[in-house]
Structure formats: C-alpha cells, structure tokens
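> Chain by chain, the residues run as shown.
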Amino acid sequence: MLGRSLREVSAALKQGQITPTELCQKCLSLIKKTKFLNAYITVSEEVALKQAEESEKRYKNGQSLGDLDGIPIAVKDNFSTSGIETTCASNMLKGYIPPYNATVVQKLLDQGALLMGKTNLDEFAMGSGSTDGVFGPVKNPWSYSKQYREKRKQNPHSENEDSDWLITGGSSGGSAAAVSAFTCYAALGSDTGGSTRNPAAHCGLVGFKPSYGLVSRHGLIPLVNSMDVPGILTRCVDDAAIVLGALAGPDPRDSTTVHEPINKPFMLPSLADVSKLCIGIPKEYLVPELSSEVQSLWSKAADLFESEGAKVIEVSLPHTSYSIVCYHVLCTSEVASNMARFDGLQYGHRCDIDVSTEAMYAATRREGFNDVVRGRILSGNFFLLKENYENYFVKAQKVRRLIANDFVNAFNSGVDVLLTPTTLSEAVPYLEFIKEDNRTRSAQDDIFTQAVNMAVSIPVALSNQGLPIGLQFIGRAFCDQQLLTVAKWFEKQVQFPVIQLQELMDDCSAVLENEKLASVSLKQ
Amino acid sequence: MAAPMLRWGCRGRRWAFARVDGGSCHRRGAPTGSTSNQIRGESSVAQQPLHTAQKTRKGEHKWAAVVGLEIHAQISSNSKLFSGSQVRFSAPPNSLVSFFDASLPGTLPVLNRRCVEAAVMTGLALNCHINKKSLFDRKHYFYADLPAGYQITQQRLPIAVNGSLIYGVCAGKKQSQVIPKTVRIKQIQLEQDSGKSLHDNLRSQTLIDLNRAEGQLRVDANISVHHPGEPLGVRTEVKNLNSIRFLAKAIDYEIQRQINELENGGEILNETRSFHHKLGCTMSMRDKEGKQDYRFMPEPNLPPLVLYDATSLPAGADPQQVINIDQIRETLPELPSVTREKLVQQYGMLLEHSFTLLNEVGLLEFFQNVIKETRAEPKKVTSWVLNTFLGYLKQQNLAVSESPVTPSALAELLDLLDSRTISSSAAKQVFEELWKREGKTPGQIVSEKQLELMQDQGALEQLCHSVMEAHPQVVMDVKNRNPRAINKLIGLVRKATQSRADPVMIKEILEKKLSL
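Residue numbers (numbering that gives the first Met the number 0), protein chains in the order written: chain L, 0 to 523; chain S, 0 to 515.
If you're looking for bench data, these hints aren't it; they were derived computationally from the structure.
Hints may be right or wrong, so weigh each one.
Simulated pairs of lysine to aspartate or glutamate, DMTMM-like, Cα-Cα distance not exceeding 25 Å [stated by the list, open to error]: (1) L/Lys310 - L/Glu490; (2) S/Lys131 - S/Asp144; (3) S/Lys185 - L/Glu386; (4) S/Lys132 - L/Asp253; (5) S/Lys238 - L/Glu357; (6) L/Lys397 - S/Asp292; (7) S/Lys277 - S/Glu260; (8) S/Lys132 - L/Glu389; (9) S/Lys131 - L/Asp253; (10) L/Lys434 - L/Asp415; (11) S/Lys138 - L/Asp253; (12) S/Lys138 - L/Glu259; (13) S/Lys448 - S/Glu364; (14) L/Lys397 - L/Asp370; (15) S/Lys132 - L/Glu7; (16) L/Lys385 - S/Glu329; (17) S/Lys238 - S/Asp251; (18) L/Lys385 - S/Asp292; (19) S/Lys132 - L/Glu53; (20) S/Lys185 - L/Glu389; (21) L/Lys93 - S/Glu329; (22) S/Lys138 - L/Glu389; (23) L/Lys385 - S/Glu236; (24) S/Lys131 - S/Glu329; (25) L/Lys150 - L/Glu288; (26) L/Lys385 - S/Glu69.
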C-alpha cells in the first residue's frame, strides 16, 4: 500500500481497502524505521493520528473531502504550522511555534490531508545538498536501495558502506527523502532556484515548481520573496497535479498571487500523441560540466519526442551564463533584508548578553545563524549599500529581466516546453559533496534551475551506479497544466523504476506489494 | 506599529535674515512664497529676492535659512496600512497587533484600500500629481520598535508628487494682515509606522508597544543657513517634533545656532538633532542614525500600486478591486482656499478674517449658523464671532464645540442689536450673561436686566430736562460753543438711564432743548 501513488491510495481509501488510521500508522512506523535518513525534524504523530481519526469518520459517513482526505503528507520545515515547531533548520528558530498555518498547509488540512511532520532542509533553505542544517544532513534513501547496492558490489573500490551514503540534494532534501522512502505520499518543498527540483531529481521523484503567483507564499518563511514558490514532491505527475489543484488559487494574504480563475481540479488528460508539440532544447544548457550520462539521457529524451512526432528544435537562451551571478546578488540582497527580523527580541533564539540592545542583536545573530546564512547576509547588505546599489542590485534586476525575456522569446517562437537536464549528474556521496563549500555547490547544482519560473523535474532512468537521473521540463508561466500534461506523457514513456528498499525495511511486503517491475525504455 | 502614515515632504520654505548690530539678534522675515529651493538639492538654486525685516549694515552678510519639513501624519482609518488589525487611540499596549505587525516569519503585507484612498485624496487636496503607478520600498535599520528590521515606505516612486499648499502669513504693523504664501510639496508617500519604545532607564529596560496608534502628527525639520547667492549650507535634521509650537521653536533655535556657529568660525555637521522642549534647544542625537545607510530595496511582496482614472479604467473592472482617482476627486470636500474666497466674495469679509474662521475647528460652521438665523449684517456677525466670541473662547481655552453660547443665542442677540432694541454695550452685557450658561435667552436677559433702549420720547425728554437743570455750568459751556460739552451732557443722560438710551436720540433731544 505504501508504495502506491497518491491517486491509487486515495482510491483504496474510498473503497475501504484501508482506513486513514491504518495508513497513518503504517507511515508513522516507516518514519521510525527510516529515522536515520534524518528526513524529518519534527514528527507530528499525535496531530496526524487525530487527523486520521477525523478523516476516518468522514469516510464512514460518506463525507470524504476529496482525493487528499486521509492522505499522509509532509511539509518542509520552513512553512509555518500552527502549534507545531517550525525551525528552518536553524538555531535561530529552535523552539519557535507559529500561531498560524501557512496558506498551503491550511489548504492541505482543509482537504483532509494528514500532516506527518516537518522535513529537514538546509538552514533557511540556503543550500543545494540538505547538508547545512542545524539538525544534520539528510541521507538519500537511494543510498540503501537494492539498485544502488548491487551496482556498488560490482565496484571493487567501494569501501565503508555506512559512511558512503549519498546526499539528497536540496534544499528540500527532507521532503524528497520522506516521499522517496514511502513515509508519505506527497510533500511540500519550497523552490527558489531549484530547491524542489534538485532533490526530486536526486531522489527519483517528480519535483514541481508551479508558476510564481499561482500558489500562496503566506506562511512560507522566505528566502527570496520575488522567486520563492511552494514546491510539490510526489512519486508521479498525476499526484503533483492533485496537490497543485488543492493549493493553487489567489490568497488575500499574499498580494502577489494572481486573481485569474483556475481550472480545478487540475485533471491531466492523457496525451495520445505529441505530434502537435514543439520541444525546445536550449543550446546554452549543454555545459562542459554536464555528466555524459545525463547528456546522453537528455538527447535520448529529445529523440523520443521526435520519434513520436513532436517537433524538436534547438533554442537559444543567450543570457543563461549570467543567471548564477545575477541570482547571487538578488538572493543575498533579499536574504539580508528578510533575515533582519531575527533579532532575538520577539521569537526564536536570544543570547545571554544584555549589556545593550545592539550587543544582544549581534550575539544573537552570530549564535543563531550558520556561516552560510551569515555570509549571505553580509554579501546582501554590501549589494544594498547606497554606493553599490546601482552597480549590483539594479544591474542584477536588469539582467534578470533579460534572462526572463530569453524564456519569453523562446516560447513566443513557438516552443511549447523546454527540455533540459535538472542537475549536472546524479547524487554524490556526502563526503564528496562537502569537499566544496555551500556557495560553490549551489552555483553548480542549480545551474539549470535557478533562472526558471515554472518547471517540473521528472525522473527518467537510473545511472550506471543505479541512481536516479531527472530531466526538467520548463513551461510558459501559468501554463502549468499544459506542462504537467507533457510531463505525464513523458513519464509514461520512460517507466522509471520504483526504488527497492527491501534491505532497508523488514516490512518489505507492505512497501512492495504494488511494485511494478517496469521496463526502462531509456536504458543506458 | 504599522499604523498607516502619510508622509509629506514639504520643501523650499525659506526664511531670510538680516544681521543686526553685529550681535546675535535676528528676526524672522516673511517666508518667501513659491521658491524653487530644494533643501537637499545639490543642483543650482534659483534665488528669490530676500525679504528682510531690517536693514543691513554695510559690509555685513545677510543670512538666509532654508527649511524643509517631513511631516508624518496618521491616516484616519479603521485598520492598519498593511494588516487587518485595528487602529484605536489609547488601546492597551500591544493589544492591536496582528501576526504581520509582530513581523512573524512568513507573514506578508496586504495594502489597506482606505489608506490608499486617503493618500490620493490628500494628494488631490494638495494639488499634487497623482502617480498612476507607485512602488513600495524597504528601509532598513535595527531598532527595538521596528520588529521586521525594515520599514515599508515609498522612497523611489511615491503615490503623489509636486504639489503646493497656500497658507497665510501674518504681516503688517499689528500682524493683522494676512499674506497668502505657497509652499511646494515634493512628495506624499504611504509609510508604515514603527512601534513605540518606552525606555525605563532605572531598570535599563525598553518596553515596546506595537499598537502605535498615537501621535497623529510628527515632523522632522531639515534646516540650513547660507549667504544668499552662495551654495546652500550643510543641513541638520531635527527629528520628532510633535507640535506646531515646538516645530517653530526648534527651527528658530536651530537657525540661530547655525548662524552663531558659522560666525564663530565653526562648522555645521550633517547630523540628526533632537529638540529639548524644556530647555528650548536642539541637541545632537548620539545614535548613528544620521549617517546610517538605510539600504533601500524594492518591497518584493507588494506589486506596484496601480491607480486608474476615468480614461484608463479597464472596462468591466470590479470597483472593489480598483481605485479611481476621478471618483475620489468627486468626493473631495470644498478646500479651504475655495471656502475663504467664497467668504470674501459673499460677505465682503477681509481675507485675514476668512483665515481665522477656517483655522479654528468648528468656527466656520458656527459663523454660518449665526448668519442663517440673524438679520444682522454679515460684517456685524463677523466682528462678533471673531472678536467677542473667539475672544471668550481663547480666554478660557475652550474649543468651539465647548462654547456655552449657541449660534441661535448669538443670532438672537444680534437681532436685538440690529433692531436697536438694545445698545451695543448692553449687547456685550447680554453676551457675558449668556456665557454664564444659565439657560436664559438673550430676550429674557434683556427684559430681566431692563436693558432695552428707552423708546419713550416723553420720559427721555423729562430726563434730559432734569440733567440740564442739575448741571447749569455744562449747559453754559454748550451755549458757549464748547464742542465737547454736549458729549458730557449725553453721557450724564445715558448714565441716568443706566445706558439704556440711544445716544443719538439723546443728542437730538438735547440739541432741540438747547436750541442749537
């Protein structure tokens, strides 16, 4: 049952094959078994069981709230949850219990979803590995998969298995690990420059960044307000569409949400053919650092579309090379501003020093933030200084406009969706990952995702090492349904294999009862 | 905090000075109207002729002062600028604080429509250009009563710009003449207010109230002095002036301080100062705020504020979702300058009287109500309202609404005067009685106190006769053509009538009897 998709388990609930409480308990037990993954910061067991009980009553009375009623979900720990600690994986917010729910959390609860817990991340979502949070790094469930283990046995150089685990990518690594390890059916991430898509690619999941303005940010503790979007992590495209249907829509508490009415629910048609589609391949995304495996899968995916009748053309996004540095300036500037409220006065951490308010601020912020956060605050304040503002912030804004126009031009030239890699390579071992600093890693890992407004990462195939590789589809803003429809067609063609975690969990029968040993059409 | 504020930057008000006798005495001259000075302007400044109150000695430099005001005025709205929490005067501390007001992580600002409308209306009333698109910015500084670490304001593209306000300045020998002047308004911006800090120095604690619904007006004054024809001087900013009186005092003090400083070879620092109202002087504020870099940044959580007018209003737009400038213009009440002009034209009133009528809350309405109910001439009404009535109010420090005399009572009194039922001195007496708030009408007071003018010709003739008999010497003086003597007789008769007789009538009778 746990291995099923959200849609499938929803049907099972409706048919009474399983009750919400049974489902909730199975997930809770799996959360305990996979605790070493460090996917969750807080497990809201009592809340979830209570919600399950209420859901069960509704099912009994024939008053189900819909597809999400009774479905276990997890939420990244940078979304405010009423009465549940929300830490952003930072010392600064340890012990902070928000008095309100983020709009997206409230919407999921209103639909009857069960909140299993709050998931791990890089501190304040600043990172691409989920390795830089105060609660420690998140381990990629694929490290323990049969697929990866078998490949490793063939490798005579593999040494200590336990220390050789892989990162999930990030910053929404906890959410990705939670869904990937079957502890829930969907999870909220946040995506600013790739924070949902990147871990989705590394954990073999669908990772979706909806159009900015489609989903409310109210209650999401911001990284970059002008780019943050609540992200969705699921095991298949249809599931992402169900969750999007529950979340999308204007919010009077978020003035940047758009007021256009939205087609609900987000039902995705099954495309019979793609002959009317035009797929764009951005030539600038073919960078030297791209692993040959990813490159090969990317071109095979393009071939697949072409062979099925789609028009596949090369397009140019000429300002791509500026996106990392542009993002750096805008991101750190907003970070400097957004982090100003964490001063130890009203909530969160406060140091013991009380000689003056200023001394208290300084010590609180030194103790509360890690080096990455402090570094970004420092850079951001530098860029915002009167003498630097024009040269950095204003220029970066102009470059952002040019980059955004690149996409608009591509779409206006007749392209329906762009097809790109999500990451340079598959997930790397933690020990490998931490050889570079956070900034370098983020710049590399988010190279294909940073400049993008609306996009979805789809798991495509396993690498030679037996690890997932994802490809990214980028759509025109507010054409989310169209993008997901194309992604769904592609997903069906590639038949990405289910993660095999038998060695990890004794309870393999429960996990694998629905296992599909599907053929992989895009084999290396 | 987050009480909605309107911020007006008034620029270019300027005083001119003449140094007198080499001492430190100075006089404030009339502010020059419609100057084009920019107090922060580094560009060349068009100099206006200086109005100096006193002549300057040869070889002495004149000083000119340039003053710009940043006026923080609280918008009268039910809820705060960016949150739904209420605005209420004297509510218990921190009782009106939403999650946004407390800057809880993840909360977002939502613009209050009423505040935007108030800002547009203010802009229209002050002859501003209303920007169809305006933007919000974050202004950063760390302070305990600023929980977000930044304040949302409109730095780059405010809601209204380039306005003007006509005001009156007293001039002439007795300061009785009012000269209309114009001050230019650089911009009007919507700004979130910060919280309020209460410092407890004894316990080294600071208490913070995030309600911030007090203090409707706060002014920061930027002041510099220079020699006319030379570049503008270095300015100082005197912050947090919360009354007009302190504002004037602080400006006067600061101008004189700067002149003294410069004349003694010192220099003016670009700094923030505070006004000590007990000592009546300004002092340098030791905090670094004056030199602080506010690191302005666009507010990413608020889209541009777009306003419409009749021509740009999209077809089928939801009136709840858009703000129509023309619609607000229609609801604009008559502006004071128009009212003043009407008063001058309709009642032949002096311009300075019209200023006085409008400067006192409720006085114009009182005046108009009296006019409506009385047959007396408007000039008479004006004189009574501005001299007698306002005089009594001022003397007892009362507001118009607290007056013991109603417009109807004054109207009745003026009718009695107009019909010559009572003399004007009797009228003053009646007014004084009315002020005692004993619930009597002017008519009742007149009859109780027997203040009616004597209309009985025979009785009056009899009285005149008696007086003439009693004062033969004065009668002789009159006959000897002493022109003042008749007035003495009139006075004596009036006294005998307890001032109830009309002096004109008495004079006629006396002249007849004396065969003059």
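> If a hint holds in the structure, say so; if it does not, say that too.
Hints and how they fare:
Proposed proximity of L/Lys310 and L/Glu490 is supported: the alpha carbons are some 18 Å apart, at most 25 Å. A threshold of 25 Å between alpha carbons decides the hint, and for S/Lys131 with S/Asp144 the separation of about 32 Å lies outside it, so the pair is violated. For a cut-off of 25 Å, the pair hint linking S/Lys185 to L/Glu386 stands: about 24 Å separates their Cα positions. Only pairs whose Cα atoms come within 25 Å are accepted, and S/Lys132 paired with L/Asp253 is accepted, the gap being roughly 19 Å.
With a C-alpha separation of about 22 Å, the suggested pairing of S/Lys238 with L/Glu357 holds against the 25 Å cut-off. The suggested pairing of L/Lys397 with S/Asp292 holds, with an alpha-carbon distance near 23 Å, which does not exceed 25 Å. For a cut-off of 25 Å, the pair hint linking S/Lys277 to S/Glu260 stands: about 22 Å separates their Cα positions. A hinted pair counts as satisfied when its Cα atoms are at most 25 Å apart, and S/Lys132 with L/Glu389 qualifies at roughly 22 Å.
With a C-alpha separation of about 22 Å, the suggested pair S/Lys131 and L/Asp253 falls inside the 25 Å cut-off, and the hint holds. The suggested pairing of L/Lys434 with L/Asp415 is violated, with an alpha-carbon distance near 39 Å, which exceeds 25 Å. Note on S/Lys138 and L/Asp253: the hinted pairing holds, with a Cα-Cα distance of about 21 Å set against a maximum of 25 Å. For the suggested pair S/Lys138 and L/Glu259, the alpha carbons sit about 32 Å apart, so the restraint of at most 25 Å is broken.
At most 25 Å may separate the alpha-carbon atoms for a hinted pair to count; S/Lys448 and S/Glu364 exceed this at roughly 31 Å. For the proposed pair L/Lys397 and L/Asp370, the alpha carbon gap of about 29 Å is over 25 Å, so the pair is violated. For the proposed pair S/Lys132 and L/Glu7, the alpha carbon gap of about 49 Å is over 25 Å, so the pair is violated. A threshold of 25 Å between alpha carbons decides the hint, and for L/Lys385 with S/Glu329 the separation of about 41 Å lies outside it, so the pair is violated.
Pair hint S/Lys238 plus S/Asp251 holds up; C-alpha atoms about 15 Å apart against a cutoff of 25 Å. A distance of roughly 7 Å separates the Cα atoms of L/Lys385 and S/Asp292; the hinted pair therefore holds under the 25 Å criterion. A distance of roughly 49 Å separates the Cα atoms of S/Lys132 and L/Glu53; the hinted pair therefore is violated under the 25 Å criterion. About 23 Å separates the Cα atoms of S/Lys185 and L/Glu389, which keeps this hinted pair within 25 Å; it holds.
Straight-line distance between C-alpha atoms of L/Lys93 and S/Glu329 comes to about 54 Å, which puts the hinted pair past the 25 Å bound. Of the pairs offered as hints, the one joining S/Lys138 and L/Glu389 holds, with about 16 Å between alpha carbons and a cut-off of 25 Å not exceeded. As the CA atoms of L/Lys385 and S/Glu236 are separated by approximately 20 Å, the hinted pair is consistent with the 25 Å bound. For the suggested pair S/Lys131 and S/Glu329, the alpha carbons sit about 17 Å apart, so the restraint of at most 25 Å is met.
Between L/Lys150 and L/Glu288 the CA atoms are separated by roughly 24 Å; this keeps the pair inside 25 Å, and the hint holds. Using a Cα cut-off of 25 Å, the hinted pair L/Lys385 and S/Glu69 holds, with the two alpha carbons roughly 21 Å apart.
Of the numbered hints given earlier, the model fails hints 2, 10, 12, 13, 14, 15, 16, 19, 21; all others are met.
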